[in-house]
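Could you build the full structure based on these sequences and the hints that come with them?
Going down the list, the protein sequences come from chains X and Y.
For the first sequence, the working numbering begins at 120 and goes up steadily by one.
For the second sequence, the working numbering begins at 7 and goes up steadily by one.
Hints in this document: simulated from the structure, not taken from any laboratory.
Take these hints with a grain of salt, some might be off.
Unchecked claim - To list a few chain Y residues with every Cβ distance to chain X over 12 Å, as calculated:
1. Gln-21
2. Arg-30
3. Asp-38
4. Leu-39
5. Gly-43
6. Asn-61
7. Leu-75
8. Arg-153
9. Cys-154
10. Lys-159
11. Lys-169
To be verified - Listed below are several chain X residues computed to face chain Y (Cβ distance under 8 Å; list not exhaustive):
12. Val-122
13. Tyr-124
14. Lys-126
15. Gly-150
16. Thr-151
17. Val-155
18. Asp-169
19. Ser-171
20. Asn-172
21. Ala-220
22. Ala-308
Since this is a predicted model, take the numbers as computed values, not measurements.
The beta-carbon is built from N, C-alpha and C at its ideal position, and this holds for glycine as well.
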Amino acid sequence: MSVAYHKATTLPEAIALCGMHGRTMAVLAGGTDLIVQWRTGAITPSGFIDISNVAELKVIVEADDDMIEIGAGATHAQIATSDIIRTHAPILAEACRSIGAVQIQNRGTIGGNVMNASPAGDAPPVFMALEADFKVQDIKGERWILAENFFTGYRRTALRPGELLTAVRIRKRRKEELQRFFKVGTRRAQAISKVVLAVNARISHGGVERIAIAVGSVAPITVRAPGTEALLRGKAITTALIGKARRSLADEVTPIDDVRSTADYRRHICGTLIARFLKEITAASSKRA
Amino acid sequence: MAVVTRKLIINGSEQEVVAEPTRRLLDLLRSDLKLTGTKEGCGEGECGACSIILNDEVVDSCLLLFGQLADGDRLLTVEGLSGSQVPGFSGSNDDLHPLQRAFIDLGGTQCGMCTPGMLMAAYALLCRNPNPTREEIAVALAGNLCRCTGYVKIIDAVEGAAKRMREGAR
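Here it is as structure tokens:
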């Protein structure tokens with residue numbers, strides 16, 4: 120079990136190490152998933168590139184009037200309590216608060232959650248629904264990858280060897296946008312999701328102008344639901360439409376039976392969650408009227 | 007493998023620790039430093055038995071590699087909980103922390119396996135929030151499993167300790 124260990128203390132150092140060893144070594148941030156995978160033999164890296172003390176990766180900032188940028192090394196606890204995140208991306212704060220429990224939230228990082236690329240991950244649906252951009256750097260420079268193109272297969276990402284995920288950029292919530300995060304698990308803490316769903320909808324005059332629905336734990340990767348999104352786009356929300364959306368999302372996802380849940384239950388609960396979201400919109404707009 | 011050195015503050019005292027960077031902090035504490043109060047339960051971050059405080063935050067020591075620590079990091083284990091170096095406590099080294107006292111008085115411990123982790127998670131909570139609700143206590147202890155007590159008495163104990171600490175009594 121003897122492996123190499125390289126500790127980066129600055130971002131350029133981390134990127135250089137990824138350039139040299141990224142093909143065979145694992146990038147270690149919080150370690151809350153990676154160390155378990157390593158000790159159980161699920162992964163067998165030739166060494167670790169430790170980025171857990173790289174200060175540049177822990178920054179959460181308002182990049183400009185429209186965007187916020189979160190360093191990949193920001194912890195779930197840091198995000199859940201950040202005023203910037205709570206104001207401009209509250210469902211991300213909510214998702215991070217739902218990951219593991221305090222001990223995990225204090226160490227686990229947002230970049231780790233993304234790079235783990237688990238279909239049951241809690242942050243990826245939020246990033247997909249908010250159409251986030253991931254910043255990826257290597258010794259030659261940087262590129263940006265849209266969340267929707269980031270996850271390429273079960274636990275696979277679009278990163279090339281030598282690249283490091285360094286930040287996530289999301290647009291601040293606009294006042295006409297309604298965002299929700301739903302996580303269904305066996306208990307509130309320490310649960311790996313049966314279904315996790317994030318939705319971002321632009322509402323005007325009680326209708327859905329635009330909607331992005333992202334679902335986890337229902338396919339090998341986190342997925343958008345383009346069929347249901349198209350069904351809802353430009354429509355006034357009626358009881359009939361809610362029923363259609365419920366059936367549409369249940370049909371559109373492709374879950375499996377596994378240790379945590381069944382395909383049938385997952386389909387059913389996806390329908391329930393989107394219906395609940397739409398009912399909340401109608402309840403809120405009838406209250407305003 | 008080459009060993010690395012970290013200058014740490016463990017339970018209030020400075021120590022230079024030398025170990026392989028991939029050594030788990032849990033193993034370092036228990037086997038090398040003989041601080042066996044910290045327990046290993048699941049070894050994968052589900053049960054919280056190995057909880058310690060790292061720079062004022064509760065963490066699972068089974069999910070931390072020694073190399074991830076930096077010079078100047080402060081570690082607090084259950085052994086350091088009863089001692090004058092702990093902020094908010096003025097007793098002697100032989101005395102128990104109000105949390106430990108409350109766990110005994112209010113039946114918050116049975117077999118004892120989860121107790122050190124529970125104490126450290128509760129300690130982290132009370133440092134941030136001296137007057138938590140029962141719900142806040144439950145959330146703060148959600149990463150710690152107990153198979154004996156049913157949790158009610160543990161929550162009673164944390165609530166009781168918080169009250170005594172607010173009143174300045176031991």
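Hint-by-hint comparison with the structure:
no., hint, verdict
1, Gln-21, "19 Å, holds"
2, Arg-30, "8 Å, violated"
3, Asp-38, "17 Å, holds"
4, Leu-39, "20 Å, holds"
5, Gly-43, "17 Å, holds"
6, Asn-61, "10 Å, violated"
7, Leu-75, "9 Å, violated"
8, Arg-153, "15 Å, holds"
9, Cys-154, "18 Å, holds"
10, Lys-159, "19 Å, holds"
11, Lys-169, "22 Å, holds"
12, Val-122, "6 Å, holds"
13, Tyr-124, "4 Å, holds"
14, Lys-126, "6 Å, holds"
15, Gly-150, "6 Å, holds"
16, Thr-151, "5 Å, holds"
17, Val-155, "5 Å, holds"
18, Asp-169, "6 Å, holds"
19, Ser-171, "5 Å, holds"
20, Asn-172, "5 Å, holds"
21, Ala-220, "3 Å, holds"
22, Ala-308, "3 Å, holds"
In summary, the numbered hints that this structure violates are 2, 6, 7.
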